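**Student:** This is what each chain is made of:
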Amino acid sequence: MSDAWIQAFSLVFEPYNMVVMLAASLFGLFVGAVPGLTATMATALLVPVTFFMAPIPAIAAIVTATAMAIFSGDIPGCLLRMPGTPASAAYTDEAYAMTRKGQAELALGAGLVFSAIGGLFGTAVLIVAAPTLAEFALRFSSFEYFWLVLLGLTCAVFMTSDRPVKGFVSLLLGLLVAGVGLGNPAGIPRFTFGSTELLGGIGMIPLMIGMFAISEILRYAVDTNPEMRIADQPIGNVFRGIWRLAVKYPVQVLRGSTLGTLIGALPGAGADIAAWMSYAISKKFSKEPQKFGTGHVEGIVESGSANNSALAGAWIPALVFGIPGDSITAIVIGVLYMKNMNPGPSLFTNDPQKIYAVFLLFIVANLIMIPLGFLCIKAAKRILKVPRNVLMPVIMLFCVVGAFAINNTAFDVTVMLIAGVAAFVLERNGFPIAPAILGVVLGGMLEENFVTSMIKADGRWFAFFERPVAATLGALTLAVWFLPVLLRRLRQVAAA
Amino acid sequence: MKVNDAIWGALLLALAAAILVHIQGFPTIPGQKYGPALMPGVVAVSLAVCGALLIIKGLAVRRTRESRHWVRFDEWITSSRHVVALALTIGVNVFYVLVVNQLGFILTGVIYLSVLFWVFGVRSRWIVPIALLVTLAIHYAFYKLLRVPLPWGILQGIAW
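If you're matching them up, the sequences are chains A and B in order. Following the working numbering, the numbering of the first sequence begins with 1 at its first residue and continues without gaps. Following the working numbering, the numbering of the second sequence begins with 1 at its first residue and continues without gaps.
These are computed hints drawn from the structure, not numbers from a lab. All of these numbers come straight from a predicted model, not from anything done at the bench. By construction, the Cβ of each residue, glycine as well, lies at the ideal position given by its N, Cα and C atoms.
Here's a subset of chain A near chain B, in silico, CB distances under 8 Å, partners left out:
hint: 1; residue: L45
hint: 2; residue: A186
hint: 3; residue: R190
hint: 4; residue: I217
hint: 5; residue: A221
hint: 6; residue: V222
hint: 7; residue: V390
hint: 8; residue: F398
hint: 9; residue: V401
hint: 10; residue: T414
hint: 11; residue: V451
hint: 12; residue: M454
Over 10 Å on every C-beta distance to chain B, these chain A residues come out as not near it, computed from the model:
hint: 13; residue: F9
hint: 14; residue: G194
hint: 15; residue: P468
Pulled out of the complex, with its shape left as it was, chain B reads as follows:
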């Protein structure tokens, strides 16, 4: 999704303004002139300058070229398969963050991989076996070898 530079410039200007307003509330270091507001302030001003430059560039592009789009979508937007793929790729991660502590890593991992395999077109009868194998392998490598405390969730009873 390609957005005209002028819109980016406007967004950056808005962000810079928001930062500048927000840092007014920062306390200062007692006795010092430069405190925690300095760095965000400098960054915000620079962002505003860049934003202005991008607005100029974006408007110039609109004037000189045939492409008078504010927003241009890539070809995949028309293909529902790809839109679903994108949505699920992001969605499955949100799902992971939300349920991994309750369901445990192994269950969540199998569901995670199965959904992604399905959406990317892996042959149906391989989906669950590979998902299971890989999840267990990752679990072994990280939980046993690297001692990362992956949550057990509802499988706590058979934890090893």
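Only chain A is shown next, with the shape it has when bound in the complex:
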């Protein structure tokens, strides 16, 4: 067996592979940092390039690019309040608040280091527990998914516990937007009003770019007292204070990584959902929940680990069963088949050096993320020395092209614009926009799983509690909803 490991080492550390990983890192860093370009898109764009490579460099390119992209989405989110990827949108507001307080380097450093740690944790789980976890993940049917999604949506309301009604409205509007199009269990066009473009639904990416990036630029346009440069204070050493954070928040890192790996391992749920849920859980269980939203690093530590560990977790069902854990692994499975590494138990027994090489790739990718991410942050700082009145229009054009690039249709640009204006007005009136994004992401899953479950159970409501895991998740969700209210009542009664 150690023979296979030695072979794996030689496969991973040969010069061609290292060059590929370096090039893929730069690609991933760029794609992640531009709002509108996602890690999934990066993977899709790499596939034709990997046609001509051997299996290990091909997978190396994809693993490295996606790990970098999920981290680098944090950089514009933190410095400009414009998340580069949906996974970073969960804690963009928090990171930006930290930048305003002059703590940008802490936010970025935390995002970087704890992303790497989360990724390594997910990889460790992948190596040790892949088959077992895959078995568990596959027991999830529509009932379990329904409760999980409901739990996720509950987290969205938690995140706005200071403005619950407006946060809830935002979530509902997101759910409404998710309902547009043909993608519903009955397959009828809903809210499309005859438009062909709307049949496909309203894309989450143009919405996200509009709500975060465009609204920010609109705010700049009407700013009567703008700062000329964004990062006027020098961004200090990003690694300072990170060890202190690791010592202060070990539970958060562990919890975030665990949750991320688990959610990543569930087919269909990936880094973005992991990041949102992790952030909300961080706030819920924090000793200082009131600090969340004012520029507090705890949430970034936890959800930064979560979204990178979700990347590794997504490979668990992909490698063991050929079932994608998220959209990225859906593409990767195709690549695996093309390179004659068919997913399944035979992968672990017939050609162990290849699978060990994949494990090593994950470890290496997460480790080189630290120096390369550091360089990327330095480059970002340089870009931000450009005066704002030049930078903002350029970013806007990037956003327009980024929104266009997803479906190659100008309709998405229109969606982005409308979302931007709407978010500009709504946020000014106290409606948080983060829950809306979560509503759009999870709305489809919620409805589909509910209707599927009802069809399976023939309309019996109790079926949602019949399966053990579903019952547990269901009880958990209901507890989360009603326990705080109940406890408060009990406390009032006891005090009286």
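Given chain A's structure and the hints, the job is docking chain B onto it.
**Tutor:** Just chain B, lined up with the frame of chain A:
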């Protein structure tokens, strides 16, 4: 532009009512009790509840505080420079969507950036050069490297 919560509440109630009326026309899944009308229906009812709560909150604010405004405008509304800036920032995007397929990305991009640079006060002699440079850079990155089919429009003749 800050609008009193009560108006938001009223708008949400109107939206909820509109949705509830609209979903009456949805067909059902044959043999199933819950169809495509369920989710929008639940959302609409919840929106109505939230809308009612916001109306109550909004009216309460009017009663208890000095701010008896229904709508309050921010300070930039008085500055024509900022109003123009906002209008052009939105307008230039509308312009992009309308003409990019005819004019092509490069021309539209240069005009787009030039207008925005001008409105944000970039020094005149830098406007067109930077706009041109950035547009070409973005075009290269997306069209050549990422293979995004940015339209050529009237420049189709010199397409590379």
